[in-house]
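Here is what each chain is made of, one letter per residue.
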Amino acid sequence: MKKSKVDIKEYSDVWVIGELIDGNISPVTLQLINVGKKLANKLNKNTIVVIVGYGEKDRVTKLLNYGVDKVLYIEHKILRNFNVMGYTEAIYKLIEERKPEIVLFGATSMARDIAPRLAAKLDTGLTSDCIKLDIDERDGKLLRTKQGLGGNLITTTICPRNRPQMSTLIPNIYRPANYNEKIFGQVEIINPEILCEDYKVKFIKKIPLEDKKVNLADAKIIVSGGRGLGEPSGFKLIRQLADTLGGIVGASRAAVEAGWIDSRHQVGKTGTIVRPDLYIACGISGAFQHQSGIYDSKCIIAINKDPYAPIFKICDFGIVGDLYEVIPALIEEINKKQQRYFDNFP
Amino acid sequence: MRRIIVCIKQVPETDKIGIKQEKGTLIRENIENIMNPYDKNALEEALIIKDKFDAEVIVITMGPPQAVDVLKEAISMGADEGVLINDEAFSGSDTLATSKVLAAAINKIADYSIIFCGQKAIDGGTAQVGPQIAELLNLPQVTNVKDIKIKGNKLEIVKATEDGAYLLETETPILLTTTTEINNPRSPTMMGINKAYGENGNKRISILSGKDLNINPKEVGLEGSPTNIYDFCMSKKSKTSEMIEGNKAKEKASILINKLSELNYI
Ligand SMILES: Cc1cc2nc3c(=O)[nH]c(=O)nc-3n(C[C@H](O)[C@H](O)[C@H](O)COP(=O)(O)OP(=O)(O)OC[C@H]3O[C@@H](n4cnc5c(N)ncnc54)[C@H](O)[C@@H]3O)c2cc1C
Ligand SMILES: Nc1ncnc2c1ncn2[C@@H]1O[C@H](COP(=O)(O)O)[C@@H](O)[C@H]1O
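Chains as they are written, first to last, in this note's numbering: chain A, 1 to 346; chain B, 1001 to 1266.
On the chain B side, residues computed to face chain A include the following (Cβ under 10 Å):
#1 Pro1037
#2 Leu1096
#3 Ala1103
#4 Ala1160
#5 Leu1168
#6 Glu1181
#7 Ile1229
Keep in mind that the hints were calculated from the coordinates and are not lab data.
Owing to the predicted nature of the structure, the values given are computational and were not obtained by experimental measurement.
No residue lacks a Cβ here, since even glycine has one placed at the ideal position from N, Cα and C.
When you get a sec, could you build the whole thing from the sequences and use the hints?
Following this line, the structure appears as structure tokens:
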């Protein structure tokens, strides 16, 4: 398993492992291309996107419009549906053959399955869930920055001796790459030899979410409720405020554990890490596990009847008061504002 | 189902963890340690299978000598045996080095049907160890499992994903990582506590060193870890919170909404 010393000079270029979702280029892939190009520019190397799949050539070709130097499209019938060992093996072979210096993934469920396996197969270091990627100007090494220990520690790691340097990046931190009519790269199709048709895990079917998708990660406005609601019906009020603002409902773990709301609504370290423009926390004390999931919100508003609740230390605006009085008042004020807007409309 | 191996990690409970300046590794002294909460779901699932199919459940941990506590806790919940993998040479291991050690131990235990890991470790873990063990043992894996049905020698598994779930069918041996949705971990029983902490409790624990596992010390610990810490800092969000003053809820609400509207948030 252990490789003899690698010659790091043999490794070059920045690879982005892209994903198609229902045939479309996933948003995080475009964000990764943007980051990858920045890193590649600093190193004076190429940015290459690698996509695995079957029968998607036309869609894959569109990636060239985002300013990448090359698209490597690994195509095989067995790889039509996501398959952990098949994807790992196909990408592994290509990495061994072409020797990229840096390999980036989005922190998606696909990457969580294959990136660690690839790192183990390649005997190299992987840092997952990064929030920032950069190049050390002194020696050209990849600097991988992530939050640790529930958000109260920021760590930057390097992978000095092994190659490639691998990392997964949390979605929606970087902007997507710009679309460009002019293209300069090309698509190269790779047909890997994959012998083992049966990787033991068989895909039977997809089970969709029962109700509307709770897309907390991409929400611009989130209104969250906590144990301070006191009872499950409190979420009706939370939803009312969210609807008034065109936002999505979030929750603290305490509210989820009380059984008041489905766990998909949980915000925080063990729920979803969110970064909306507006985050409104109602009846949430602000435990650090909750805080670490909301740090990157542009504006945090806290409503709590305890003036000493920790949430007030990290909010932008705070209101001390009973949420059952404050929220209806807020809804009324917002409606009034919108009414005025319509009144002034010619 | 013959033998089920569960990987459990001892993690510091509080958030008062620091970092050793000179080496960049975690300081763990004087901090209370607990079983990684996610690993309790993994253990519970193994125990559910044990109850139904009479499988043997072995818990393993790599850590300092005091990590034996989590093995005993697991035995008091119903596990049969515990294996502590301990060696000075392991300290400072990153996820890959850790996975190599655990994979070597699992190889030695052998004859397993399922290996369970938790979803992730709360002390800065990022859910890498499970898949890496699977890779090193050349086993298939399913991560984020939220339901398991055993049908003969096949497993029907529901895997949680971003946009719903997948229904999968697999064979053993396999490595699975669990979500917190999958079950509610049980508490220790009196009988279990006796089993773990009673007179013969220590007989249920074995200790393996690097030598027992034929591990080259250069491949593990700080030296064998491809990932090194370069820099770290405590993240202090320096924010000036503005408290909205006013007499009644209505007045406060009106001030806040005006501010948000001025700032173009609504
Ligand atoms: C391993 C681990 C992971 C965790 N992960 C998460 C996570 O991802 N997300 C998460 O949220 N938590 C998480 N937690 C739990 C976290 O530690 C807290 O227990 C939880 O966030 C508390 O939720 P809360 O603020 O709703 O409840 P509480 O802490 O009980 O706070 C309720 C607040 O409501 C206020 N209140 C009461 N009545 C009213 C009223 N009428 N009007 C206004 N305010 C009122 C109270 O003053 C109080 O501040 C985790 C814990 C552990 C151990
Ligand atoms: N030192 C360890 N000993 C035993 N199991 C571990 C250890 N480290 C990680 N694991 C297992 O791997 C899972 C994922 O850990 P991590 O990759 O660190 O997030 C944990 O939930 C455990 O099941």
